[in-house]
Amino acid sequence: MEKTVNQRAWLLVLPVLVLVAFSSIIPMMTVVNYSFQDSFGENIFFWVGLEWYQELLRSERLWDALGRQLLFSFIILMIEIPLGILVALSMPKKGISASICLVLMSLPLLIPYNVVGTIWQVFGRADIGLLGRTLSDLGISYNYSQNAFDAWVTVIIMDVWHWTSLVALLAYAGLRSIPKPYYQAAMIDQASRWNVFRYIELPKMRGVLMIAILLRFMDSFMIYTEPFVLTGGGPGNATTFLSIDLVKMALGQFDLGPAAAFSLMYFLVILLISYVFYTVMITIDKDEAKQ
Amino acid sequence: MEWMAWTLPTAIFFLSIGTLLIGMGLLHLKYPSTPRVGVLGIETMRGDRLFISLLGSAFINLAWIGLLDAPQYGALIICGLFAIFVFRWV
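Top line first, the protein sequences correspond to chains F and R. So for the first sequence, numbering that gives the first Met the number 0 puts the first residue at 0; every next one is plus one. So for the second sequence, numbering that gives the first Met the number 0 puts the first residue at 0; every next one is plus one.
I should point out that these hints are in silico values taken from the structure, not numbers from a laboratory. Take these hints with a grain of salt, some might be off.
Claimed, not checked - In silico SDA-like pairs for lysine to any residue, Cα to Cα no more than 25 Å straight-line: (1) F/K247 - F/K93; (2) F/K93 - F/K179; (3) F/K285 - R/W88; (4) F/K285 - R/P31; (5) F/K203 - F/K285; (6) F/K285 - R/G37; (7) F/K92 - F/A184; (8) F/K247 - F/R7; (9) F/K93 - F/M186; (10) F/K203 - F/Y274; (11) R/K29 - F/N113; (12) R/K29 - F/Q252; (13) F/K285 - R/S32; (14) F/K289 - R/R35; (15) F/K92 - F/Q6; (16) F/K285 - R/V89; (17) F/K203 - R/G40; (18) F/K285 - R/F86; (19) F/K285 - R/L61; (20) F/K289 - F/P202; (21) F/K289 - R/D47; (22) F/K285 - F/I272; (23) F/K285 - R/V36; (24) F/K289 - F/R175; (25) F/K289 - R/P34; (26) F/K179 - F/R192; (27) F/K285 - R/D47; (28) F/K247 - F/F148; (29) R/K29 - F/Q6; (30) F/K289 - R/K29; (31) F/K285 - R/I41; (32) F/K93 - F/Q6; (33) F/K289 - F/L208; (34) F/K92 - F/I74.
If we strip away everything but chain R, and leave its shape as in the complex, we get (with noise of 0.2 Å):
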């Protein structure tokens, strides 16, 4: 593993994304979604939603980085309501 350079900062996003992945799988099983239309005009269930906000968020910490130089967790909030939109109105 010692190749794989490990950090405990990535471990932690990795370990987050997993746990979220996971999460969400078994609460399908328990709450299956259903789809819907939302504002994209676009047919999509709880995964794709979490795709959404999560490549959103990828492109909204590259664009903090690259604009801004202002502490990241700024970019961390603005991933939050995103996601929030998201699973609210797409």
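In isolation and in its complexed conformation, chain F is listed as follows (with noise of 0.2 Å):
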């Protein structure tokens, strides 16, 4: 039978077109005119070309905070990754304990970001936290309020926290969908258990770590909420991220001209990220639908 070409079905996506407008689209012509301008409040605009832009990409302070993002992301990510990991191959497989560890794993999810941050602020603490006072007593120096190193660490931990468990739980749902041959053949081969986790595991995992390592890295890269609300950007600048820093520039200083440009230039790099991951991840797809 003859197949026919119906372009109409284009039309039920009409209304997902109007929302992305109104979501997205039209803010995001706002800001590229924003970008262009000066503003002293009253909706009143001033041209000034590409002064924002001239300023802000010849200035350290975006460089640095740009820095310190992607030191911030590729931490993480070589934390979690192999950590969920190493969670999903350790977890019950079957039964009772299979499903009280799945809730567990959850728990983390669930909790707002802002709470997160507020849980980790008092957990800190040297006075009043069970860490901070903990490690005081050890006689142990830590104040993430006055160290910087200390700050990162704090913020790093409170990250692994709180998003390990998705690393894990995607990971465990791709060693679910492992068919059982693989590893009963492993057996006959007398494969040792690093064969049967590199040779099978891994590769049978790689398309829901891609899309962990996506996941985590999109959203470590937009951080925002926890550090804020547990450093607030500091001490000095030391946890000052790129979205920390937006704000700052944004609502803080109501620089509405640089922000906006601040504000493009980080969603370019957001977008051409993206972009790459989408392409090895279709490429995976493609190279999997092959085999």
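Mind assembling these two chains? They're in different frames, but the hints should get you there.
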């Protein structure tokens, strides 16, 4: 039977287009407009051309925040991905213990971002916090509000605590989808545990792990609430990541023009990285389909 | 619309992008694009190549602003050459 081309189905996409236009495209156009102008409020704008872009691209502020952001994303990926896989491999495979484990693993994901920040802010305090007080009693100098290294360690541990379970759950789903004959074949070949992981589990988890890496990278690259509540971007600018810096510029200083230029550059970096990840994922999917 | 702070240059910019997207959509209906693998080693359609051209052009413009004090049309010329390269070889 010959198929007929019917493009009318595209009309069904219209409501989504309208929604996206109001939630993303129109605000984005406004940001582009702001980025070429200066404003002192009252909805009055002055054309400044490329001045904000020039100023930002040649200032240390943007590059420092970008450097901190990339370092943070790199560190948390290096910790959360292997740790998530390790947790998934250690989780029970069936029975009530598997269900309990899944519920427990989901708990940190259900906590709102600002609550996570508050929990760790109290937890780390040297006077009343369990972590801070214990470390102080052990004679270890720890103060996340005054020491940049301590602040970084706390922000990273907080993120690992909050998000490793997402990686673990995704990896667990990947592991559960591996058909039993693969393991039976490995057993017949007397493959070691490491070889089972290296040649069966890891390749089979490749798709979900790419999703986990993409999600965690994008989320960590846009992190705002938790470090803002915990450290406020300090001490100094030690934990001022891109979004914290952007909010300081837009709302703290009310520099709408520079903040708009900043957010557009931030968006372009995210768009580039997302496209690279998307392309890699599509390529993996196609390779798997061919196999 | 006043709150959107429209200016003539930004309006022309968005009109160009919109026209480009509509034009490419119509072109696809008339002459459907077929996927091909270019120098990047990834499968691309005409729309992908447009996206890569636009995204690359944004970074070329930013690099031009950040590194040089030359007029911006220089960056636009490079963007045009980049787009030709992408549509021909990517």
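Taking the numbered hints from earlier one at a time, note which ones the structure violates and give those numbers from smallest to largest.
The structure breaks hints 1, 8, 11, 12, 15, 19, 30, 32, 34; every other hint is satisfied.
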